[in-house]
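Asks: Sequence:
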Amino acid sequence: MSIRFKKDVFSVSEIASLLGLESSCDAKIRSITTDSRETESGSLFIALKGERFDGNDFIPQALARGAAVIAERMPEDLAEDEAERVLVVKSSLDGFGKVAKAYKDRINPRTVAVTGSVGKTTTKEFIYAVASARFLTHKTEGNFNNEIGMPLSILSMPETAQVCVLEMGMSQAGEISRMTRIATPSIAVITNIGNSHIENLGSRENICRAKLEIIEGMPDDGWVILNADEPMLFAQKGKLKQNILFVSLSNPQADYRALNIRECEDNTEFDLVAGKRVVTNIRIPTIGRHNVYDATYAFAVGVLLGMSDEEIKRGLVSFRNTGMRQNIYEYGGITLIEDCYNAGPESMRAAIDVLAKLADKNHCNSIAVLGDMRELGEYSKQLHMEIGTLVASKHISHLITFGREAENIALGAINHAYKPDNISINTNTENPTATARVVFDLLGRGDAVLFKASRAVKLERVIEELKQLIDAKPIR
105 MSIRFKKDVF
115 SVSEIASLLG
125 LESSCDAKIR
135 SITTDSRETE
145 SGSLFIALKG
155 ERFDGNDFIP
165 QALARGAAVI
175 AERMPEDLAE
185 DEAERVLVVK
195 SSLDGFGKVA
205 KAYKDRINPR
215 TVAVTGSVGK
225 TTTKEFIYAV
235 ASARFLTHKT
245 EGNFNNEIGM
255 PLSILSMPET
265 AQVCVLEMGM
275 SQAGEISRMT
285 RIATPSIAVI
295 TNIGNSHIEN
305 LGSRENICRA
315 KLEIIEGMPD
325 DGWVILNADE
335 PMLFAQKGKL
345 KQNILFVSLS
355 NPQADYRALN
365 IRECEDNTEF
375 DLVAGKRVVT
385 NIRIPTIGRH
395 NVYDATYAFA
405 VGVLLGMSDE
415 EIKRGLVSFR
425 NTGMRQNIYE
435 YGGITLIEDC
445 YNAGPESMRA
455 AIDVLAKLAD
465 KNHCNSIAVL
475 GDMRELGEYS
485 KQLHMEIGTL
495 VASKHISHLI
505 TFGREAENIA
515 LGAINHAYKP
525 DNISINTNTE
535 NPTATARVVF
545 DLLGRGDAVL
555 FKASRAVKLE
565 RVIEELKQLI
575 DAKPIR
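Just so you know, the sequence shown maps onto residues 105 to 580 in this note's numbering.
Simulated from the structure, these hints should not be mistaken for lab results. You may find that some hints are simply not true.
Derived SDA-like pairs: lysine to any residue, alpha-carbon spacing no greater than 25 Å straight-line [claimed, not checked]:
{"no.": "1", "residue 1": "K132", "residue 2": "S145"}
{"no.": "2", "residue 1": "K194", "residue 2": "E245"}
{"no.": "3", "residue 1": "K461", "residue 2": "A521"}
Generate coordinates for the entire structure from the input sequences, incorporating the hints supplied.
Replies: This is how it looks when you write it as structure tokens:
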């Protein structure tokens, strides 16, 4: 990806200084890219090592196009004017982060960082909606929440930004530590501690430690917003240098506690105990108790930004979800809950709860189309079976499983007295048509269907196949 600036923002010599190097090259930088094919005169090419390619192998091509380069080695036989445009560092990724940090420090926005096992993207979007009600606000786009994507997100920030909202994901310990030292947030949110990436980290305790790395780039007078309903996070009370605010749906010791939650067809209203005052009739344009958590984190951020209750409420109403995350809509006489971007045990449970409540309210059949939750390691079978158990306990009408863990989800349901006749299993993810046909044959007008799986399953293919079937033969 390339970031193009409206004007020159650095010279090669300035970037060299950021990296602890010396250079007399005064060439100006107007764009930054991690793809050598997108380089041109005025570009800065970051030569990163990936799983399949090593950007250092493409330095000559970038130089030939007139770019400057941050690299981990100096190619041989370069002309003098080319060599002066190569800045050699121990780690190109670290160098990239230093450039991003310098750019952010110039703009100096209030920076909010969000992490957590589940809900970080939705929380980021809620915070963006709230902050945008008063401030010029920039946010992480898409899934640019890793060690490459976050610097790109920072560098794409307009110079007029007053607030910057950054999402930080991770799959290994140490990643959030490196990102937060670039972002230097004054406000951080940790939504929860779940089982995502437990295959890599080994335990929920290790996941918690990895998420708490977010404070390592914060000032001592910063604010950390934590979920008081997660025991591991509530246990941090009094242990951090930074100020802590707790958010809850049930803990009376929390600083912000949502109550009187009222779910309607396409929105949710709730009241909020915020310190010594009560804010009533807060509305968000989505359903599910898990979204109330995310909105409450955003409310707390808005208060820290100096916003009024009415400004915050106006921002929450303007929230829009992104991509394939819990998008609820009607198609051909049925209600689709499309949530195919990611899945962990916590978000899977929340989605099933939304389906059950929607079906109960509309007095319709419910169909859960569930795929794999990835990166659960030795816990995978147990956690997939627990999801099947939940489907049975929520009295979901039909369970359709799709993926390599399909049988374990089904087994969990059957062990909880769910009727095998109401289950369809497809372990072949290369045949989404078969699953779409099963769903179509079950549908009646007004029914509700949930699609939920990790991104790698590509469950959206089943949705597209189903829509084609509905278009060809409308549901009656």
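Asks: All hints are to be evaluated individually against the structure, with a verdict given for each.
Replies: Verification of the supplied hints:
Distance hint between K132 and S145 is fulfilled; the C-alpha atoms sit about 9 Å from each other, no more than 25 Å. Distance check on the hinted pair: K194 and E245 sit about 29 Å apart at the alpha-carbon level, beyond 25 Å; violated. For the suggested pair K461 and A521, the alpha carbons sit about 21 Å apart, so the restraint of at most 25 Å is met.
Of the numbered hints stated above, the single one contradicted by the structure is hint 2.
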